[in-house]
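Participant: Residue-level listing of the chains:
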Amino acid sequence: MSGAVKVAVLDYGAANMVSITRALAAVGAEISVAENAAGMARVDAIVVPGVGAAPPAMVHLSERDLLAPLRDWVLAGKPCLGICLGFQLLFDASYEGGAETLGLLAGRTVSLIDAPTLPHIGWNSVEFVRPHPLFDGVADGSYFYFVHSFVPAPADESLVIARTTHGRPFASAVARGSLYGLQFHPEKSSEAGLRVLSNFVGLVAAQAGTAAEAA
Amino acid sequence: MLARRVIPCLDVDKGRVVKGTKFVNLTDEGDPAELAERYAHEGADEIVLLDITAAHERRGTMLEVVRRTASRAFVPLTVGGGVRSVEEMRDVLRAGADKVSFNTAAVATPELLTACARKFGSQAVVCAVDARRLAAVPGAAPRWEVVTHGGRKTTDLDAVEWSIRAVELGAGELLVTSMDRDGTHTGFDIELLAAVATRVRVPVIASGGAAGPDDFVTAVRDGKADAVLAASIFHRRTYSVSDVKAAMTAAGLPVRAIEEAVA
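Residue numbers (my numbering), protein chains in the order written: chain F, 1 to 215; chain V, 1 to 263.
Since the hints were derived computationally from the structure, they do not count as laboratory data.
Just so it is clear, the structure is predicted and the values come from calculations on it, not from any experiment.
Cβ coordinates follow ideal geometry from the N, Cα and C atoms, glycine included.
Treat the hints loosely; a few may be bogus.
[What the hints assert, rightly or not] If you want the ones that stay clear, here's a sample from chain F, every Cβ over 12 Å from chain V, calculated: (1) Ala26; (2) Ser32; (3) Glu63; (4) Arg64; (5) Leu75; (6) Ala76; (7) Glu100; (8) Asp114; (9) Pro116; (10) Pro119; (11) Gly122; (12) Ala175.
[Claimed, not checked] Selected chain V positions facing chain F (in silico; Cβ < 10 Å): (13) Arg72; (14) Ala73; (15) Leu93; (16) Phe120; (17) Ala124; (18) Ala250; (19) Ala251; (20) Gly252; (21) Pro254.
Use the sequences and the hints to build the structure in full.
Facilitator: Here it is as structure tokens:
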């Protein structure tokens with residue numbers, strides 16, 4: 001494949017765009033910011049960032065007419081990475097304010113209510129459930145940075161590739177085909193986080209290369 | 001398990017990192033973004049940028065510093081100094097900060113903590129408590145008063161009571177600085193830290209007085225701090241972040257290991 005992998009980061013007013021765009025650029029991706037469906041054209045992958053609450057985030061996505069394009073993108077099997085709130089939104093619904101979310105992964109987002117402290121803020125260890133290329137070169141048990149109070153409970157346990165414990169174990173990373181979700185912030189997790197983003201970009205490049213060969 | 005954090009603090013004056021003793025005798029110690037990037041590589045768990053530029057000399061230089069730092073150091077970034085409104089906090093977050101620390105503004109307008117927590121979440125709101133020890137009263141527990149304006153103004157607030165109130169108002173974290181120890185390299189005020197940390201459920205960041213790795217251990221073990229902050233010992237390379245983490249690990253405290261990614 002020629003040229004850098006093109007990644008569009010969705011800007012729907014719910015994220016620190018500086019860190020995620022610069023971190024992806026630092027691992028070699030060609031970055032654009034998509035505020036609407038037009039911004040998703042001619043890119044290889046979409047990243048859905050996000051900090052905050054699910055209900056206003058769904059309103060913002062809806063106001064920018066991003067809900068259907070995002071669903072279509074994922075259902076077409078194109079690469080997509082959800083981070084933190086962007087990860088939670090991939091599931092059916094959230095108990096956070098009772099919001100219906102994207103419904104791309106089966107399961108609901110629930111509160112970490114029994115945790116010793118909430119929100120769960122800080123560096124916590126990520127334990128691998130099974131090997132996955134997203135974590136190539138990252139040691140099992142490595143620390144990543146978390147800021148959240150809710151976690152998704154995937155209906156299909158086989159999608160979970162890593163878990164973290166805060167009060168109880170929860171899915172800190174899932175993967176289904178080209179759809180990836182991370183509860184932690186790779187863009188704030190120093191070298192380990194950059195490695196995960198680099199692996200994501202590598203997976204996107206491999207998929208784009210395969211598609212180009214088939215065409 | 002959540003790791004205890006080691007946080008280098010950069011005092012920034014007109015876009016440059018400076019450090020003085022008790023907020024005076026400032027010396028230039030470098031470019032904030034460059035230093036922050038170095039610390040992130042060395043294993044810093046977070047970076048604090050504290051804008052100490054005099055109000056009349058501020059011209060948006062800090063937002064540019066935040067933007068440049070967030071673009072180079074991929075660890076959480078806390079920015080303090082001179083933020084007085086929800087709108088100013090939004091600007092700092094949009095420039096790439098994850099949290100904003102309030103000190104003088106919170107003392108003057110406590111509702112600001114509530115307004116900012118409602119808008120951005122309490123995880124983004126840090127209350128900086130600058131505390132000065134009051135003269136000892138025989139037979140009584142030690143007490144500290146809150147000072148503002150970089151220690152130049154006193155208040156009638158008790159530092160422990162104010163800390164508790166700040167959390168009730170919306171602060172998700174407390175940055176507790178001993179003004180008696182700041183810049184003196186005589187160790188953290190452990191009694192102050194423990195007095196605050198045992199009364200609140202949010203994380204407490206210890207600040208003011210770090211001389212060496214053992215002080216960080218004591219602040220966490222005896223002061224019950226969740227995170228430890230220091231400035232000049234890191235800037236002057238007296239100790240590195242990894243020296244501090246090695247001491248904490250040896251003391252059995254959970255810290256994020258610094259490991260080179262496997263090639």
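Participant: Going through the earlier hints one by one, which of them does the structure break, listed in rising order?
Facilitator: Of the numbered hints, 1, 9, 10, 11, 18, 19 and 20 do not hold.
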